[in-house]
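2 protein chains.
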Amino acid sequence: MSLIDIILSKYKVDIGDYVKIRLSDGSIIKGLIMPKHIYSKEDILVIKLDNGYNIGIKVSRIEDIKKDVPPTYEGLHIEFERRYIQGLPRVLLLGVGGTILSRVDYRTGGVKSAVSAEEIIEILPEIQDIAEIHTRVIMNKYSEHLTPSDWSKIANEVYRGIREGYDGVIVLHGTDTLGYTAAALSFAIQKSPIPIILVGSQRSSDRPSSDAALNLISAVYIAGHAPFAGVYVVMHASSSDNKIAVHLGTRVRKNHTSRRDAFQSIDILPVAYVDENLNIKINYTDGIYKRDKNRSPDFHPKFSRNAALIKFYPGMHPEILKSILGLNIKALVIEGTGLGHLGEHLFEVLETLIREGVHVFVTSQCIWGRVNLNVYDTGRILLKIGLIPLGNMLSETAYVKASWILGNFGEDELPTLMPTNIAGEITSRSPVKDLRCI
Amino acid sequence: MSLIDIILSKYKVDIGDYVKIRLSDGSIIKGLIMPKHIYSKEDILVIKLDNGYNIGIKVSRIEDIKKDVPPTYEGLHIEFERRYIQGLPRVLLLGVGGTILSRVDYRTGGVKSAVSAEEIIEILPEIQDIAEIHTRVIMNKYSEHLTPSDWSKIANEVYRGIREGYDGVIVLHGTDTLGYTAAALSFAIQKSPIPIILVGSQRSSDRPSSDAALNLISAVYIAGHAPFAGVYVVMHASSSDNKIAVHLGTRVRKNHTSRRDAFQSIDILPVAYVDENLNIKINYTDGIYKRDKNRSPDFHPKFSRNAALIKFYPGMHPEILKSILGLNIKALVIEGTGLGHLGEHLFEVLETLIREGVHVFVTSQCIWGRVNLNVYDTGRILLKIGLIPLGNMLSETAYVKASWILGNFGEDELPTLMPTNIAGEITSRSPVKDLRCI
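Protein chains in written order, with our numbering: chain F, 1 to 438; chain G, 1 to 438.
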């Protein structure tokens, strides 16, 4: 039993109760008892005040806790008025789900998907000073539950926003598979006339240390005002609230389970940074289209279920690879080791897969760097068997790309299109050196 | 056709030929024509001189190339004498394979596993001034071909070296699965009285930019002279030749396909750094045993084939998970997204697996950070189904650990031992902040 549990049971109150607390200095605090979370200290009770802010109270300072009557609904909310300022760029917020659209569930202590895209404006009314905000809810799903057909749905809604003349479209999305969806939109909508920004948050917007505010404000600014177009992920670039990164949609990965700066561009710098005063610093413009509402995008929104992604490990069971036969899978991406190698005990099953019409592609579980099957004799055997190496394409992007090629162009296009750069997924330049740390 | 190909065909010579080259300044160079490799420039012909060194010659400086008679075998080699200096610590080199034991195949331009552990001393005789070197060849395999039974074999040979009284044991190993084998040895030989060092190289020792020399020299120094014991990976800590990292065996990962500093400690700093003057800087000592030849190690060298590792992806086919039924797999490690989440369309098959007696564990494909299934309602469902989260254990280490538990203690020990720290595979401390870069 934790210290907080003991104090709650002593005063017969519970998480989610509205209470009146008397402290040792005589002062009175009223508010909602918040659940303990992974970052909270043992001896701190967190209370949500009527003004929406959370405060922490040291348990030793508490003299008494009593249940109290909460103020009326209105009193619990910050005053909110929907406003449209003339002359601002028009930005469409599309709600998909995830932590950025979540609140703490005071009963369970966990986080629930609950906030609509419209409510996000209520929480962050200042985004209305950056752009004229319109909202639309597509679905409300945690991102780990999304499937290729959801990518099609999101792509169609983004495209609808482009045709409706918006200056930027923002997708509010869970961070877990944000990288996969960013790759999907990068392939589905090429040469976009406007910025398409995917944004999420690592901590829900009602938490004291939430990254939602700065991420969303920056996303709205990039969507409405950036000089460049295309598909990007906009998230914290450091653990402090002063730098946001704009990552290319095909080269971004969630590399930390909980940090605010979990997302990293792989083998390249982010396309741009945004500081807390909303100054944009562009790192490079190669391959980046300018914002131009007269340009028509190439639109191919379908994604097939006939692609798969499998990670190799030493002693891997060949039967796992073989299991994809009978599932109508046409494209298999294997995450090899190092330069793209695979154990020799798999060579036979790989030959079988290829003979049965599966196109097999190789990426690396190293994450950074490019595969090369020409350096070692063992790699050249894989080439002879018929495996196709994918340069420095991320495994996740490769899986999405295979699903996209199958959805729109058919399996015959796989061998040509997969190893060809379409949306920045293979970079020919040397990796940017200062990106990785040691 | 490349510039080099043109010049070679002009003078009717080929890669691997021993030639005499006349330059525009009248000077004469004799040596073996080396193959172009991925790092060589378009207009540079690389020649291996009789003294073993490679030099690059600008094509525009070449006046003439003629085939010549190579010197006798002895002349091609640096003078080499096996020497044992009294009073030095005794270090055993165990040859497993990989690039560090490889040479360029001059005919194909690729790299072949070819050098024995004894020949390594011939290439790097100076390691004999650091320790009294003994060598033993266990096998000669690229590391992607290793299986759990190879880990057992390596563990047995290392243990034999400990019992024979060596002051340190070095395993010369391919880099592709070096992290997996390091984890395997960390579990198989606990409380080791001496340092057990795994070392590899990203470029073969006869290449101009090879990292083999500094890696091996540092490995020998740590094995023979470091004050600490245990299982470590010793590799470049930066892309220049002035810093080597000593990584804990259970928390190290190959994060780049080709860079010399490809290996990184995850969520912690390397245990120590070594500079080019062989000064050791120890970063922490928590959980690290001192070198003490009187200590008997805990030795459990078996590894089972009844564990598997599968990476989740959005829209993953449940049939791939189901394929492990019938393979007698008792432990499945799934790489979830973010805090360890999995798509809801897999819940049913996960229930089936657990009902059929498979123990299912969750790690994160984020690599950095720890899983936590208590934050979101979707995570709590996974807990209810019976999945066991593994903190910040690396997926690769988790797979190795499951194979080790099954090999030595049986499946009933999986639920208790898997989420319990044994060899540094789960750290409770906050991640070291300066390790990741943004």
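Since the hints were derived computationally from the structure, they do not count as laboratory data. These numbers were taken from a predicted model, which means no experiment stands behind them. Do not rely on the hints blindly, as some may be mistaken.
If chains are identical, the list can't say which one is meant, so a pair holds when it fits in one copy or spans any two.
[Stated by the list, open to error] Quick list of in silico lysine-lysine cross-link-like pairs, DSS-like style, CA-CA up to 27 Å: (1) Lys191 x Lys302; (2) Lys322 x Lys141; (3) Lys30 x Lys58; (4) Lys66 x Lys20; (5) Lys290 x Lys30; (6) Lys141 x Lys384; (7) Lys153 x Lys10; (8) Lys41 x Lys322; (9) Lys41 x Lys141; (10) Lys384 x Lys66; (11) Lys41 x Lys191; (12) Lys10 x Lys322; (13) Lys293 x Lys41; (14) Lys66 x Lys281; (15) Lys12 x Lys41; (16) Lys67 x Lys384.
Structure-based check of each hint:
1. For the identical chains of this complex, Lys191 and Lys302 are intra-copy neighbours only, at 17 Å inside a copy versus 55 Å across copies, given an alpha-carbon limit of 27 Å.
2. For the homomeric pair Lys322 and Lys141, the shortest alpha-carbon distance between copies (25 Å) is at most 27 Å, but the shortest distance inside one copy (32 Å) is not.
3. In the homo-oligomer, the alpha carbons of Lys30 and Lys58 lie at most 27 Å apart inside one protomer (15 Å), although the nearest pairing across protomers, at 79 Å, exceeds that limit.
4. Taking identical chains as interchangeable, the C-alpha atoms of Lys66 and Lys20 lie at most 27 Å apart only when both belong to the same chain, with a minimum of 5 Å there against 95 Å between chains.
5. Taking the shortest Cα distances, Lys290 and Lys30 never come within 27 Å of each other, neither inside one copy (51 Å) nor across copies (55 Å).
6. For the homomeric pair Lys141 and Lys384, the shortest alpha-carbon distance between copies (20 Å) is at most 27 Å, but the shortest distance inside one copy (43 Å) is not.
7. Within a single copy, Lys153 and Lys10 get their C-alpha atoms no closer than 51 Å, and across copies no closer than 59 Å, so neither meets the 27 Å cut-off.
8. In the homo-oligomer, the alpha carbons of Lys41 and Lys322 never lie at most 27 Å apart, since the shortest distance is 49 Å inside one protomer and 42 Å across protomers.
9. For the identical chains of this complex, Lys41 and Lys141 are neighbours neither inside a copy (31 Å) nor across copies (50 Å), given an alpha-carbon limit of 27 Å.
10. Neither within a single protomer nor between protomers do Lys384 and Lys66 lie at most 27 Å apart by alpha-carbon distance, with minima of 75 Å and 34 Å respectively.
11. Within a single copy, Lys41 and Lys191 get their C-alpha atoms no closer than 48 Å, and across copies no closer than 34 Å, so neither meets the 27 Å cut-off.
12. Taking the closest pair of Cα atoms, Lys10 and Lys322 never come within 27 Å of each other, the shortest separation being 59 Å inside a single copy and 49 Å across copies.
13. Taking CA atoms no more than 27 Å apart as the test, Lys293 paired with Lys41 passes in neither setting, with 50 Å inside one copy and 43 Å between copies.
14. For the homomeric pair Lys66 and Lys281, neither the shortest alpha-carbon distance inside one copy (52 Å) nor that between copies (56 Å) is at most 27 Å.
15. For the homomeric pair Lys12 and Lys41, the shortest alpha-carbon distance inside one copy (21 Å) is at most 27 Å, but the shortest distance between copies (76 Å) is not.
16. Taking the closest pair of Cα atoms, Lys67 and Lys384 never come within 27 Å of each other, the shortest separation being 74 Å inside a single copy and 32 Å across copies.
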